[in-house]
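Q: Whole structure, please, built from the sequences with the hints as guidance.
If you read the protein sequences in the order shown, they are chains B and Y.
When we follow the working numbering, the leftmost residue of the first sequence carries the number 32, and every step to the right adds one.
When we follow the working numbering, the leftmost residue of the second sequence carries the number 187, and every step to the right adds one.
Hints were generated in silico from the structure; no laboratory data involved.
Please read all numbers here as calculations on a predicted model, not as lab measurements.
Treat each hint with caution, since some may be false.
Said to hold, decoys possible - Cut-off 25 Å, straight-line C-alpha distance, at most; resulting in silico cross-link-like pairs (DMTMM-like, lysine to aspartate or glutamate):
{"id": "1", "chain 1": "B", "residue 1": "Lys119", "chain 2": "Y", "residue 2": "Glu236"}
{"id": "2", "chain 1": "Y", "residue 1": "Lys349", "chain 2": "B", "residue 2": "Glu88"}
{"id": "3", "chain 1": "B", "residue 1": "Lys119", "chain 2": "B", "residue 2": "Glu88"}
{"id": "4", "chain 1": "B", "residue 1": "Lys119", "chain 2": "B", "residue 2": "Glu103"}
{"id": "5", "chain 1": "B", "residue 1": "Lys122", "chain 2": "Y", "residue 2": "Glu236"}
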Amino acid sequence: MALGAYIGVSAALFALGLICIISRRNILYVLFGVEMILNAASINFAAFNRFNGGGLEGRVFVVFIIILAAAESAIALAIVLNVYHLMKTVKPSEADFLRE
Amino acid sequence: MNSNHLFYAALGLAGACAMGAGMVTAGGPGLAFGFCAYLTLGGAAICIWERSIVRSAFSLMGTFVGVAGLFVLLGSDFLAMAQILIYVGGILALLLFGVMLTPPDNNERSLARVGATTVMIGAGVAFVVAQISGGVAGWVMADQLPEPNSQARAIGLAFLDPKQYVVAFELAAYLLTVALVAAVYIARRRRADFEPEPETPGGQS
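A: Here it is, written out as structure tokens:
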């Protein structure tokens, strides 16, 4: 398949992740959307790497994206658990603890 | 026939269309690409559509496996392996753990916002595609799949080569250590959480 097809899939995945973040009222869906967006970026890196001579740079970058996603997911989950523990809600719009 | 049936019918139709279009344009590799792309986007669409957050979390597995398939089609078998090991095995389990620990909320989907965002993003994508469609058509550089060859050894050597990525590799190791210790520290329960509320002596009677 051509490079354009991979970029199309990646763009669609990015858009779906953005919709997921914006439209759902639950912190966990924000995490799901972030994972989708990171995956879309990974597809882009792998595709550009493949169609630009097939070196290692893009692949190494994807490995670092996966590492960052793992760290981000662990920290974000801990924060979600703490937010729920403190405020008894998982809606981002209701977590306005610092406003007072 | 409710909207759920309509959604899944449309999703199945889109999958058939994706695989058919891929097969017509590029034969067998196109069919594989259509299937992986359908798995990726279909999983994401179900994640947005489903009201049950557990179903959403499990449908993300389709997305991650589909992305792993795309990595295989791009000739990056090491990335596909890492994707399945870390995303499906680790991150998805972590997300499900979070899902189980937070309460369900069945009326939190906002279809109006889904529609508005979809229209917004669609307009943007249509604009960009109209801008660069001529350029994209000229990007065709490969007519067939790359030969499968494993890069696990090359990537491992590149990570430990002082001229290449050893600094980034060590930084990633520190980052993971700090992040995981911090996650445990943030999520731990204080001693006060386990002790019952002290009763006020001689309360109102």
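Q: None of the hints should be skipped; say for each whether it holds.
A: Here is what the structure says about each hint:
Between B/Lys119 and Y/Glu236, the direct Cα distance comes to roughly 23 Å. Compliance with the 25 Å bound is thereby established for this hinted pair. Proximity of Y/Lys349 to B/Glu88 is assessed by CA-CA distance (about 13 Å); at most 25 Å being required, the pair is judged to hold. Of the pairs offered as hints, the one joining B/Lys119 and B/Glu88 is violated, with about 44 Å between alpha carbons and a cut-off of 25 Å exceeded. For the hint pairing B/Lys119 with B/Glu103, the CA-to-CA distance comes to about 22 Å; that is within 25 Å, so the pair holds.
Only pairs whose Cα atoms come within 25 Å are accepted, and B/Lys122 paired with Y/Glu236 is accepted, the gap being roughly 17 Å.
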